[in-house]
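Enquirer: If you follow the hints, you should be able to join the two separate chains into one complex; please do so.
Protein sequences, first through last, are from chains A and Z. With our numbering as the guide, the letters of the first sequence map in order to residues 1 to 114. With our numbering as the guide, the letters of the second sequence map in order to residues 1001 to 1212.
Keep in mind the hints are simulated off the structure, nothing from the lab. Treat the hints with care, as some may be off.
[Claimed, not checked] Simulated coverage check for chain Z against chain A, where a stretch passes if three residues somewhere in it have a Cβ under 8 angstroms from a Cβ of chain A:
1) 1057-1067
2) 1135-1141
[Unchecked claim] The calculated label-pair distances, taken between Cβ atoms and stated as ranges, are:
3) A53/A to Y1078/Z: 37 to 43 angstroms
4) P1063/Z to S11/A: 14 to 20 angstroms
5) L56/A to N1036/Z: 19 to 25 angstroms
6) S18/A to K1079/Z: 22 to 28 angstroms
7) N34/A to P1063/Z: 25 to 31 angstroms
8) K1108/Z to L56/A: 55 to 61 angstroms
[What the hints assert, rightly or not] A short, non-exhaustive set of chain A residues, derived as facing chain Z with CB atoms under 7 angstroms:
9) F5
10) F6
11) L9
12) L13
13) S14
14) H15
15) P17
16) K19
17) F21
Built from N, CA and C at the ideal position, the CB exists for glycine as well.
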Amino acid sequence: MSNEFFNGLKSKLSHKPSKDFDKDFWKGFNEEFNEKSPSKFWTFWMVPASVAAMLLMGVVFYNSSFVAPESVKMGSSIEDEDILQNMELLMHIDDEVLDVAHEEWDELLEEGQS
Amino acid sequence: MTEFIKKRTKFFSKPFSKSAVEPLSDKELMVLVQENDQEAFRVLFDKYKGPIVSFIYNMTKNPGISEDLAQTSFMKVYKSRGSYRSEYKFTTWLWTIARNTTYDYLRKKKEISIERFRSEDGKEFEIEDEAMGVEEKLVLESDKAIVMNCLDNMKVSQKEALNLRIFSEQSYDEIAETLNITLSATKSLINRSKMNLIKCVKECLEKGEVHE
Chain A
1 MSNEFFNGLK SKLSHKPSKD FDKDFWKGFN EEFNEKSPSK FWTFWMVPAS VAAMLLMGVV
61 FYNSSFVAPE SVKMGSSIED EDILQNMELL MHIDDEVLDV AHEEWDELLE EGQS
Chain Z
1001 MTEFIKKRTK FFSKPFSKSA VEPLSDKELM VLVQENDQEA FRVLFDKYKG PIVSFIYNMT
1061 KNPGISEDLA QTSFMKVYKS RGSYRSEYKF TTWLWTIARN TTYDYLRKKK EISIERFRSE
1121 DGKEFEIEDE AMGVEEKLVL ESDKAIVMNC LDNMKVSQKE ALNLRIFSEQ SYDEIAETLN
1181 ITLSATKSLI NRSKMNLIKC VKECLEKGEV HE
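The shape of chain Z in the complex, shown without the other chains (with noise of 0.2 angstroms):
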């Protein structure tokens, strides 16, 4: 807290100066994003608006639409700023709100069906400790079509999941609170989807599909 104290009243000797704010964790941010203070929100905006976008964008595979939708998100972070908890993380709290901004969309767009995570029976994966595989290499190495493609032809909390590992930077943990499910389950999905990229990918390359 003291450390906090310090690194604010260095932030209000200059208080229109971004980088004075930067050193700042995510939550003491929040704190001042809560205070109205809209230059730290610039700071947490320029930090998560690319994995946001991103994130969105894999799920509506329109590049307009990802745009819109991340602003939206980023609107309801500063809207709901109140409502934030400094007990729990700030990554969880603005993915969980742009994953639901991102589900109303494709609800309303009616490409997604209401069942969404039912926990995934399965034991628990240490996939963190895998090395990687020649199969995993192959899927880095392909084209960024075909992935697109597998990743869109998966069940869509498949996807979503192996998207919030991919660009959420969250841990396990941190997933699983965000997608409101159990950990050993969240591993299983995450576990499941990275599978079948790699399935899916490999028989693209076998049927030498070509993806626009």
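In isolation and in its complexed conformation, chain A is listed as follows (with noise of 0.2 angstroms):
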């Protein structure tokens, strides 16, 4: 029968795969078609410490910028004294020597500062 001589060429002809063939393919498959999900590590330590640490973070953050404020406050309240003590010199010497050469600056300075 024809079927016999089909069947014949099957066997003659039929070129089986390749040992590896199947791990290949379902290789790729997984890959494409099975995203791999998270480990339990990183589900129940790695995600929880993240999300704790972007907190902490943020609540470092927060309160530095309240802090900040306050040193720069401290500090430029100290410049500012000395920027008034300063001046006071310069008034005191502008009212009451105008007329000292440049060699007396030095020493009125020093005078005005002890």
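Expert: What follows is the structure in structure tokens.
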């Protein structure tokens, strides 16, 4: 029968896949269709730890935004005080000794600061 | 349908047992595959990987390429599982995908022309009932390399039709559907391929040609 002929050809011409055929296919298949789920370690430890770290950083940043102006304020008040003192000295010099020689300025300044 | 539900219930009672899904038909398995059942897909893969690789190998003559194209075909089957309609035979759909994948490759390699299956003239051949003659036996008893060389020298359309007849285990109707040509043209094509194969093998044997 003709079926016999075609079956004979099938036996003669069949080409068996290599032994790695299945392994290669399922590897590609899993990469394409089965995304790896996150590990338990990642889910139960790393994610909460990361969130906690982010929150902590947020809190630190929030607090620092209030602390910083305070120190700046403190620093600037000290600087302001110095400027005011210098201003008083300059006004004193301006009022009382207008015609001083350049050499005398140092002496006057030293006097004022002491 | 009731039978399918029974089989399916049996399947879900052992969801990871391959043997539990094996009694299902290809169509039933595809219904499960459409529900993302990868175990059902594995059964179909195991059943058809051999014939598909053989078919592609006889079209490309390259073991590595034939395996790559077979894998690509099965990936396409799973990817496009949603487009499968159960009113069509699974094998027709599968072989159409495998055939198109092979043709895409051959076309890129410029090994085939576009002509393909313009309907073959000729009457129907009732070749199923023919007795296997001396010439057919001669082909089967001759060296594999001679047969493969003769197949390789055929027109692509004839070679493909003959390969489908040999490996797909489809009926002529189904092959006609896969090739998208009439039943009469399919029978004519396969018969012509067979005659050409016999003629070529005979000539090679008469010339005493030895092929690698």
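Enquirer: For every hint, state whether the structure bears it out.
Expert: Structure-based check of all given hints:
For the stretch 1057-1067 of chain Z, the proposed coverage by chain A is satisfied: 5 residues have a C-beta within less than 8 angstroms of a C-beta in that chain, meeting the threshold of three. With 3 residues having a beta carbon nearer than 8 angstroms to a beta carbon of chain A, the stretch 1135-1141 of chain Z meets the requirement of three or more and the stated coverage holds. Judged by the Cβ atoms, the range 37 to 43 angstroms given for A53/A and Y1078/Z holds: they are separated by roughly 41 angstroms. For the pair P1063/Z and S11/A, the supplied restraint of 14 to 20 angstroms holds, since their beta-carbon distance comes to about 18 angstroms.
Between L56/A and N1036/Z the Cβ separation comes to about 41 angstroms, which falls outside the hinted range of 19 to 25 angstroms. The supplied range of 22 to 28 angstroms is met by S18/A and K1079/Z, whose beta-carbon atoms lie about 23 angstroms from each other. For N34/A and P1063/Z, the hinted distance range of 25 to 31 angstroms is satisfied, since their beta carbons lie about 28 angstroms from each other. Restraint check, K1108/Z to L56/A: a C-beta distance of roughly 57 angstroms satisfies the suggested window 55 to 61 angstroms.
This hint holds: F5/A has a C-beta 5 angstroms from the nearest C-beta of chain Z, less than the 7 angstroms allowed. Checking F6/A against chain Z by beta carbon gives a least distance of about 5 angstroms; that is within 7 angstroms, so the hint holds. Of the supplied interface hints, the one on L9/A holds, with its beta-carbon coming within about 5 angstroms of a beta-carbon of chain Z, less than 7 angstroms. Here the hint on L13/A is kept, as its CB sits about 6 angstroms from the closest CB of chain Z, short of 7 angstroms.
Against a cut-off of 7 angstroms between C-beta atoms, the interface hint on S14/A holds, since the closest Cβ of chain Z lies about 5 angstroms away. Residue-level restraint check for H15/A holds (minimum Cβ-Cβ distance to chain Z is 4 angstroms; threshold 7 angstroms). Nearest Cβ of chain Z to the Cβ of P17/A: about 5 angstroms, under the 7 angstroms cut. The hint holds. Taking 7 angstroms as the C-beta cut-off, the interface hint given for K19/A is violated, the closest approach to chain Z being about 11 angstroms.
A distance limit of 7 angstroms between C-beta atoms decides the matter here; for F21/A the minimum to chain Z is near 5 angstroms, and the interface restraint holds.
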